[in-house]
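Participant: Chain residues, written in single-letter form:
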Amino acid sequence: MQIFRPRANTVFKVSAFGVLYVVALLVWSLAILDRSNYTRRVNEPIAQPIPYSHELHAGSLGMDCRYCHTAVEDSAFANVPPLETCMACHNEVKANSLLIQPLKEAAQTGKAFEWTRVHDLPDFVYFNHSIHVNKGVGCSTCHGPIDKMPTVWRVKDLTMGWCLDCHRAPENYLRPREEVFNMEWQPPAEQVALGRQLMQKYNVPSGRLVLTHCNICHR
Amino acid sequence: MTTKTHKEHLDLAAIRARLAEGNGQTFWRSLEELAGTKDFQEFLHREFPQGASEWEDGVSRRNFLKLMGASLALAGLNACTRQPAEKIVPYNVPPPIEEVVPGRPLFFATAMPLGGFATGLLVESHLGRPTKVEGNPNHSASLGGTDIFAQAAILTLYDPDRSTGTTTAVEANWKAFLTAVNPQIAAQRATQGAGLRILTETVTSPTLAKQIEQLLTTFPQAKWVQYEPVNRDAVRAGAEMVFGQAVATHYQLAEADVILSLDADFLVSGPGNVRYARDFANRRRVREEAKEMNRLYVVENTPSLTGGAADHRLPLRASQIESFARALAKALGIPDETNPPLTPEVTKWLNAVANDLKNHEGKSLIIAGEYQSPAVHALAHLLNQKLGNIGKTVVYTAPIEAKATNQSKDLRDLSNEMASGKVEALFILGGNPAFDAPTDLKFTQALPSVPFSVHLSLYRNETSELCKWTLPEAHFLEAWGDARAYDGTASIIQPLIAPLHAGKTAHEVLALLLGRSDQTSYDVVREYWQNNLTGNFEAAWQKALQDGFFEGTKAEEKGFAAQIKSVPASPSINAGAGNLEVAFRPDPTIWDGRFANNGWLQELPKPLTKLTWDNAVLVSPATAERFKLQRGTVVDLSYLGKTVSGPVWIMPGHAEDCVTLCLGYGRTKAGSVGSNLGFNPYTLRTADAPWIGLGLDLVKTNQDFQLVTTQEHRNMEGRNHVRVGSLAEFIKDPESTKHSEHSGGAEGEGHGNLSLYERFPYEEQKYAWGMTIDLNSCIGCNACTIACQAENNISIVGKAQVANGREMHWIRIDTYYEGGLDNPNTYQQPVACMHCELAPCETVCPVEATVHDDAGLNQMIYNRCVGTRYCSNNCPYKVRRFNFLQFADETTPSLKLARNPNVTVRTRGIMEKCTYCVQRINAARIEAKKQGRDLQDGEIVTACEAVCPTQAIVFGNINDPKSRVAKLKAEPHNYGLLEEINVVPRTSYLARLKNLNPALAPEEKAPEHGEHG
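Residue numbers (our numbering), protein chains in the order written: chain A, 1 to 219; chain B, 1 to 1013.
FYI, nobody ran anything at the bench for these hints, they're computed from the structure. A few of these clues could be false.
Partial chain A-side listing against chain B, Cβ under 7 Å, derived [stated by the list, open to error]:
| id | residue |
| --- | --- |
| 1 | 128 |
| 2 | 131 |
| 3 | 186 |
| 4 | 190 |
In this text, a Cβ means the ideal position worked out from N, Cα and C, and glycines have one as well.
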């Protein structure tokens, strides 16, 4: 008795390739999903315990980034200001606003106040703000128009490929040091020429040689 | 206790015969290697022995595959889940120190007391969390280096076993204690403190001494007793014998040309050892331009690192060392009534040493060991005076201890008083006397009968169990205090963090007894110095906090006249019925037992034996042959009516007819790490014979115990990796170490730039990182291994995993022996990743998880690694470490605080290895780049280089001809390990040189070497 009819061959061939195809599709879609703006939380405003607005403080009021992020030029971490910095103004300004009550309460009681991190790199990546800021990488290059964000969101996906875009060719992104904190700065038409000139001036090594070594970020 | 069923027997006689033939290899690492046992062969041919790669948790292969499949699927899914939200918690009010910048560490000066004596430290703090200990370069006892104990202090601080409950419970306990203690104080006040006793460890702290003095004024009948098991009673008694009073002796090793150690392990233990090691090594840095070095003779019972560093070493039973000292005294013209019997070989050795000492009057030095009898110390004083060394290599000062007492006698009196019911209130401030008091004092038996007993302790240990009250003690990194260094410098102990478990200090308990319960230890310490400093106090105090010590508090050099001309015969000590001798020693890594719960120290291979997690009965090969003992044979040791059982370790170079027992093991209440490991030699130890006992009886049992050693792991197949020469040869021909018979015949020649791969032009780069390790300075103290562990978040794996060859230390110290079994030469060689320019590991990695950067670093990228272990397989130096299991504890909250935030914590399945401390390189490079300048030599200091007491390790830029490392690499005795295989290692070694006394140089070598200078 014949169990498998001749057409079973066809079924087998199709399903064998079918399985391969399905697996490949699955892997490919996982990879796409992993890099997707959804997974990377790009363009998704991150809720904070109080509706602190960069749009208001950095935008309308025109406060400098470094008023709060004091360590950005000296340290790996750009630091979130101590509550004392907030209360320095808010003891007077909008002191009774309901919106800042949680902050005020924490400042008075000494309770911990937890912000939610927006730009969160994996623990095996060591990013240093100070060296980037000192070599002419502007805030807005990575963080986008913070001064237009009522609640901050990521504008970049923070993948390694994205980091390498600049590490391989810094000339495409560098700006003069004095423009680093300028949120309005736009790259000029001759950016590459400017970038090359700045790389020389700031002693930035040619990316291909030095800046792409693994130990630059991983250790 | 794990028992090994199958065990190969070593034929020591055959090994001896083979060594005597002299046609075997020059260097060997263990008896097992010489015998070529099966176990050893396995370690040799498979870097990880059989079974090390398998998962042995009783899970079948089938289940394993199922789990693997499931975890793979999960891992795939994991990639598309979104990152969990992380919180940022800012300061509410920033600390008053302006320099606190999140992301930048701060360093605070403090000091670590051990045995009462302080070593100055600088402790790295990340936002208020101490993570790494460094030496204080300006502190006289440190000069920038530290020992292993200071490095491991971080782990003790964060030890979860220290916790005795919630902070609330501890505070409630303290309140209850206050209620209970006040009636006691009142009652004692009524009797002038007749029933009040204070038991402390050795006190050098001026503040604590002042408080105790006040206490004894308030309670005139009260008594203060100091006791610690590793005390300096013999040192004090020896000085009293000669000078009629206690005198502190310091050594100026920088001035000494010829040094004789009488059983003194002065390079790695005892007050001032870190400083002594530096001074000693400074006189051994032989360079082409400076071909001079000191000469060290060591007479010792138990092979030690100081013995290993010696130019000539003589093994002698501990009890015979006094005879040796007497004979030496006689030879140098000090009358001696006793006529000690010495063998002709010993006499020949002695005469050669005596002549050498005589020829170096005023530039010689005799150091007596703390574990020797008072008579040996007295003889050393007389000899140093006779040789005109006083004021030159030997300096006398008043005692550094607040009160130098006979600790054993005082503890005996206290025990008797406790037993007779005289003691009503006993305050034990630190220490663990119920575990470590001499067994004949019956302290432990008397303790429960004390009506009101209080133990202030880091852990709830054996003593706490027997006391009515336990008070959690603040660790020295959590507390204010002070202590004196070996030379008397008053060092300040300042806290890096508030007490994690609401601990108290001895200062606070004493303040309470003095009716000042409101005082914190900060108040007490500050008040003392306010009363004892002249001039502007605030300025002086701030300066002391910055420096770590009070300037000008070093003890003054004093002259003391010897009151005796000769040393009378020592009283005979109580001997047992057996025919062996026993020597007690503090354990090299867990000391007297206080560090038993510190996993870093437990897993640190002990010098020479490379044992981990255990102590052993050390015997010489000859004694082992006589009793037919093998490694791991369990023996019963009986001595004065007490018996203890332990496994044997055959120790080449050990004195014959003597066993050495390391104290500190056999703890029952140490904590989850340190309890029930090893056996407890304290049960044999008596107050009269704390270090040397006579008449021990050894009975072999038919049991075996698995001792775990790393000595046979990561062996490099019998090639000669240490190069050794003599100073005389080096003076004649600086290239001599390259072609001596010790170099393994490799001639030190690589094969030029031959390579199948295109060579990267490293010499054209600005930086090329490299390292040199000077084997002539290295004493093998292990500080680098543990500093690396602290700096790089290296996990411990436990005894069972060490047995599988899975230990994780990035830098290991290889010990090599040369010569016969009875007195081999010993060499130490630290080995870490060599950062080969043509790295064999890189070419075999299928995922490029290990690659080079332009400065020559062999980078290890954890997030790329998939765990094939090909790299480790292809590494000629066996320096790569694999996380076979999840070794890093990622759950215990307190251990998270201990980690270096700048180094990734590795998970299971990841390869890791020395990175040349790339986090430190990056930090320095970023700073330099921000300032727009080049990196300077010495700006990057690796963790191993920073801690090294002898500065044997130098790191720097080999492309800069002016850097220290480039200059060292140009020295004629610089060589690369296995450089003949052309991997171009970036780490190189300076050969070990011996400054041999021609009168003692091995005879067969004489014609080849010609005359010695």
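Participant: The structure should be examined with respect to each hint, and the outcome stated for every one.
Facilitator: Hints and how they fare:
1. 128: Constraint on residue 128/A satisfied, holds at 6 Å.
2. 131: Where the cut-off is 7 Å and the nearest Cβ of chain B is about 5 Å from residue 131/A, the hint holds.
3. 186: violated, 26 Å
4. 190: violated, 25 Å
In this structure, the earlier hints numbered 3, 4 are contradicted, and the remaining ones agree with it.
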